[in-house]
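Peer 1: Based on these hints, arrange chain B on the given structure of chain A.
What follows is each chain in one-letter form.
Number of protein chains: 2
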Amino acid sequence: MKIKYLLDEEEIPKKWYNVAADMPTPLKPPLNPGTLKPLTAQDMEAIFPKALIQQEMSTERWIDIPEEVREILKLWRPTPLYRAASLEKALKTPAKIYYKYEGVSPAGSHKPNTAIPQAYYNMKEGIERLATETGAGQWGSALSLATCLFGLQCTVYMVRSSFDSKPYRKSAMRVWGAECLSSPSDRTNFGRQIREKMPDTPGSLGIAISEAVEDAASHDNTNYSLGSVLNHVLLHQTIEGQELKKQFDMTEDYPDVMFGCCGGGSNFPGMVFPFIPDKLKDKKDLRMVACEPTACPTLTEGLFAYDYGDTAGMAPVIMMYTLGHDFIPPGIHAGGLRYHGDAPLLSNLVHDGLIEATALQQTEVFEAATLFARTEGIIPAPESAHAIKPAIDEALNCRKTGEEKVIFISLSGHGHFDLSSYDAYNDGKLVDYVYPAELVKQSLAKLPKP
Amino acid sequence: MKIKYLLDEEEIPKKWYNVAADMPTPLKPPLNPGTLKPLTAQDMEAIFPKALIQQEMSTERWIDIPEEVREILKLWRPTPLYRAASLEKALKTPAKIYYKYEGVSPAGSHKPNTAIPQAYYNMKEGIERLATETGAGQWGSALSLATCLFGLQCTVYMVRSSFDSKPYRKSAMRVWGAECLSSPSDRTNFGRQIREKMPDTPGSLGIAISEAVEDAASHDNTNYSLGSVLNHVLLHQTIEGQELKKQFDMTEDYPDVMFGCCGGGSNFPGMVFPFIPDKLKDKKDLRMVACEPTACPTLTEGLFAYDYGDTAGMAPVIMMYTLGHDFIPPGIHAGGLRYHGDAPLLSNLVHDGLIEATALQQTEVFEAATLFARTEGIIPAPESAHAIKPAIDEALNCRKTGEEKVIFISLSGHGHFDLSSYDAYNDGKLVDYVYPAELVKQSLAKLPKP
Numbered sequence: 001m002k003i004k005y006l007l008d009e010e011e012i013p014k015k016w017y018n019v020a021a022d023m024p025t026p027l028k029p030p031l032n033p034g035t036l037k038p039l040t041a042q043d044m045e046a047i048f049p050k051a052l053i054q055q056e057m058s059t060e061r062w063i064d065i066p067e068e069v070r071e072i073l074k075l076w077r078p079t080p081l082y083r084a085a086s087l088e089k090a091l092k093t094p095a096k097i098y099y100k101y102e103g104v105s106p107a108g109s110h111k112p113n114t115a116i117p118q119a120y121y122n123m124k125e126g127i128e129r130l131a132t133e134t135g136a137g138q139w140g141s142a143l144s145l146a147t148c149l150f151g152l153q154c155t156v157y158m159v160r161s162s163f164d165s166k167p168y169r170k171s172a173m174r175v176w177g178a179e180c181l182s183s184p185s186d187r188t189n190f191g192r193q194i195r196e197k198m199p200d201t202p203g204s205l206g207i208a209i210s211e212a213v214e215d216a217a218s219h220d221n222t223n224y225s226l227g228s229v230l231n232h233v234l235l236h237q238t239i240e241g242q243e244l245k246k247q248f249d250m251t252e253d254y255p256d257v258m259f260g261c262c263g264g265g266s267n268f269p270g271m272v273f274p275f276i277p278d279k280l281k282d283k284k285d286l287r288m289v290a291c292e293p294t295a296c297p298t299l300t301e302g303l304f305a306y307d308y309g310d311t312a313g314m315a316p317v318i319m320m321y322t323l324g325h326d327f328i329p330p331g332i333h334a335g336g337l338r339y340h341g342d343a344p345l346l347s348n349l350v351h352d353g354l355i356e357a358t359a360l361q362q363t364e365v366f367e368a369a370t371l372f373a374r375t376e377g378i379i380p381a382p383e384s385a386h387a388i389k390p391a392i393d394e395a396l397n398c399r400k401t402g403e404e405k406v407i408f409i410s411l412s413g414h415g416h417f418d419l420s421s422y423d424a425y426n427d428g429k430l431v432d433y434v435y436p437a438e439l440v441k442q443s444l445a446k447l448p449k450p
Numbered sequence: 001m002k003i004k005y006l007l008d009e010e011e012i013p014k015k016w017y018n019v020a021a022d023m024p025t026p027l028k029p030p031l032n033p034g035t036l037k038p039l040t041a042q043d044m045e046a047i048f049p050k051a052l053i054q055q056e057m058s059t060e061r062w063i064d065i066p067e068e069v070r071e072i073l074k075l076w077r078p079t080p081l082y083r084a085a086s087l088e089k090a091l092k093t094p095a096k097i098y099y100k101y102e103g104v105s106p107a108g109s110h111k112p113n114t115a116i117p118q119a120y121y122n123m124k125e126g127i128e129r130l131a132t133e134t135g136a137g138q139w140g141s142a143l144s145l146a147t148c149l150f151g152l153q154c155t156v157y158m159v160r161s162s163f164d165s166k167p168y169r170k171s172a173m174r175v176w177g178a179e180c181l182s183s184p185s186d187r188t189n190f191g192r193q194i195r196e197k198m199p200d201t202p203g204s205l206g207i208a209i210s211e212a213v214e215d216a217a218s219h220d221n222t223n224y225s226l227g228s229v230l231n232h233v234l235l236h237q238t239i240e241g242q243e244l245k246k247q248f249d250m251t252e253d254y255p256d257v258m259f260g261c262c263g264g265g266s267n268f269p270g271m272v273f274p275f276i277p278d279k280l281k282d283k284k285d286l287r288m289v290a291c292e293p294t295a296c297p298t299l300t301e302g303l304f305a306y307d308y309g310d311t312a313g314m315a316p317v318i319m320m321y322t323l324g325h326d327f328i329p330p331g332i333h334a335g336g337l338r339y340h341g342d343a344p345l346l347s348n349l350v351h352d353g354l355i356e357a358t359a360l361q362q363t364e365v366f367e368a369a370t371l372f373a374r375t376e377g378i379i380p381a382p383e384s385a386h387a388i389k390p391a392i393d394e395a396l397n398c399r400k401t402g403e404e405k406v407i408f409i410s411l412s413g414h415g416h417f418d419l420s421s422y423d424a425y426n427d428g429k430l431v432d433y434v435y436p437a438e439l440v441k442q443s444l445a446k447l448p449k450p
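So the protein sequences, as listed, match chains A and B. Here the first sequence stands for residues 1 to 450, where the numbers follow full-length UniProt numbering. Here the second sequence stands for residues 1 to 450, where the numbers follow full-length UniProt numbering.
Keep in mind the hints are simulated off the structure, nothing from the lab. Among the clues, some could well be false.
Since the list gives no way to pick one copy over another, a pair counts as held whenever it fits inside one copy or between any two copies.
As the list claims (entries may be wrong) - Listed next, the in silico DSSO-like pairs over lysine-lysine satisfying Cα-Cα at most 27 Å (straight line): (1) 37 - 50; (2) 74 - 405; (3) 89 - 124; (4) 28 - 89; (5) 197 - 400; (6) 405 - 281; (7) 281 - 245; (8) 50 - 400; (9) 74 - 89; (10) 2 - 124; (11) 50 - 429.
Quantities reported herein were computed from a predicted structural model and do not represent experimental measurements.
So here's chain A without its partners, still in its complex pose (with noise of 0.2 Å):
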């Protein structure tokens, strides 16, 4: 049996796909956090490049990729797509079951897709370092290795839970010549307030993005970089969809569901984003399923209401599913899926009613990531087991019904940093964790109000 689908380099996507032409809904304008009024390019030119903040608000639907951009996603693009042949067999179902992997880029996840063009903007227009927040650290190690490919400078915020838990991360960094530090940090005056208010806190995205965004802001020679959430990652991640259309065309199958895991977004919009012309405009009946952790529930459990993007409040105040800014999810081992929001793109997307959304305890996904490494080979980060797990359950459930469903998981980054979290779940030292409703609801009072 074929298992394996590889596109030449040359099938690299030459162009963005840009949702935002064929929304539904329009999306509702960004705020400036201090006016509460719409936010204007000039708004954003302390801490983005002019390429990029035009990226942010166009809504063309396709937009070149540098060509320059496109060199270096060789390194490690096209991505393969598999067919999960010994998954398919273990779990004894007639559903065929695919993944595509971008664990094989150098950094090991999905990021660096968005990564490299950042830096190219960047570097193009004269800035000489990034800052960054980074959760599980997939984000802080693509910008460092996009950093020093392009000849910047890159310092990292990293959450200090997976600093703590994730400690090759850093090391990571280091190689590709970046400075990684422990967020809430003592680099910033944001930092500084709430080491000294919350002396155990095991931080958050949140409260990681406010340092960086302060650091950018208060530097000249530097700007501030983003891993999700905002339009132009999303687009830059639409490279994914687009490669996994015409692998699909290989395979004959066209998906039925598709699942990818979601913090913040990126990854799962990248993704799923080329099939919703699909769905708008051939009426095609495919359910594309964000997967997000029971700790932190944005979608599944959040509001879909103008909320700031970062903790302190400096970062944009935009349209999406949240939890509110200052809540703080526990420090489970997805530490990429701790943020508070999501991308307004898929937000307003969810809110239409065209994409769903599931959330998942931390040891069922552990269980179904080593059932994956057991019989695919490859060990998923646990960001990524979040989105096989829901894909077993409709594997078994076609072994009932007889269905041959065609499933695909999307499979962002390998687990190789993460290898203490499966010592956690060996050692039956997980903690599963309920929905904090009470902290949600407070923190969902301090919205703002525009």
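Peer 2: Quick look at chain B alone, frame taken from chain A:
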């Protein structure tokens, strides 16, 4: 510029290439460690399956690869050949540098190429468990993966210095369902004996092999499995070089010089052996250079003589380059290169002058690895990086001479589990070792006298 040369999974070789058929000087037979008389097939049956014994003794040029083995190899093979365009640019060299990357396997190195067939043949002959040793952990990971895919149990004796410095390696083996013990362990008589005599020993591959052989020989349902040195291991690795020849055909280049790291010998011979007939029959002017650490310089400083394969003198006595079977190399960061001997097939070709060798200090190796990571993206395993340093030197020399040489690096694996070693390098804590001539002299005085 085209930088990635991919083959379809159907192009995975259907036969292994046995260099024994083309050796200018025939191999001397392995000896029974008790009697020092030529080893018989029966001698080996206590610890190996019949199919592998047959391959071990075969002089057939081509040996069929079972279809079930090829099916599993498809999970990551064929591996990509890269043009190192960014590295060339950084070196301002007219040379062309290529590397074939085996780190795309789920275990992160070339080792599954033989682990898969070994597990397969043992499963076919009714064996329930495999015992093995591992240096850096690459081989232990690979066999853990292979045994779990074929439903076998696995016990790994991991050299203590690596066990302590690479904690995530054992976590990975555990994900794949294997048991990993620090060697010398208290599980075997030999291990207990060493622990009593040398409580602070960093361990060695020779000791760990003795433990695994003792475990296998004393349990009926258990066989022993080795990741380098033996003829059948090198045989299985020749899929690498066969793929590489097809890939070089795609580039329209042909290598002038090939570099590969060499411990006991598996990745390097697997990559270069299929080029031996070009050299012998077509008189190709091709240099093949085995790269080893100065701390364990078997090919560059050892004796070509009969010696025990392990420290206890339980493994077969083989004709090879050796530093003496009780030589314990310093605990360098390239744990996979700390073996006192070298594969008989490889040793024979080195002795006949067809293959060269060079030795490197670990600091210069990590410096080269860091330049590689910052240009090509991939963080190499410390072992693999031994091949990068002399390739860079060769390319720099071409800058002086203006030669457009074609330089090949065998990149055997990634360094995701070796990041504490990179930290040691970045912290300036790496120690360079002078060749311990006196120790080796003492050790060589104890060679068996057949």
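Peer 1: Does each hint fit the structure? Answer for all of them.
Peer 2: We went through each hint and held it up to the structure:
| no. | hint | in the structure |
| --- | --- | --- |
| 1 | 37 - 50 | within (20 Å within a copy, 78 Å between copies) |
| 2 | 74 - 405 | between (33 Å within a copy, 24 Å between copies) |
| 3 | 89 - 124 | between (50 Å within a copy, 19 Å between copies) |
| 4 | 28 - 89 | neither (46 Å within a copy, 46 Å between copies) |
| 5 | 197 - 400 | neither (53 Å within a copy, 61 Å between copies) |
| 6 | 405 - 281 | within (22 Å within a copy, 54 Å between copies) |
| 7 | 281 - 245 | within (16 Å within a copy, 47 Å between copies) |
| 8 | 50 - 400 | neither (54 Å within a copy, 43 Å between copies) |
| 9 | 74 - 89 | between (33 Å within a copy, 16 Å between copies) |
| 10 | 2 - 124 | between (43 Å within a copy, 24 Å between copies) |
| 11 | 50 - 429 | neither (47 Å within a copy, 43 Å between copies) |
The structure shown violates the earlier hints numbered 4, 5, 8, 11.
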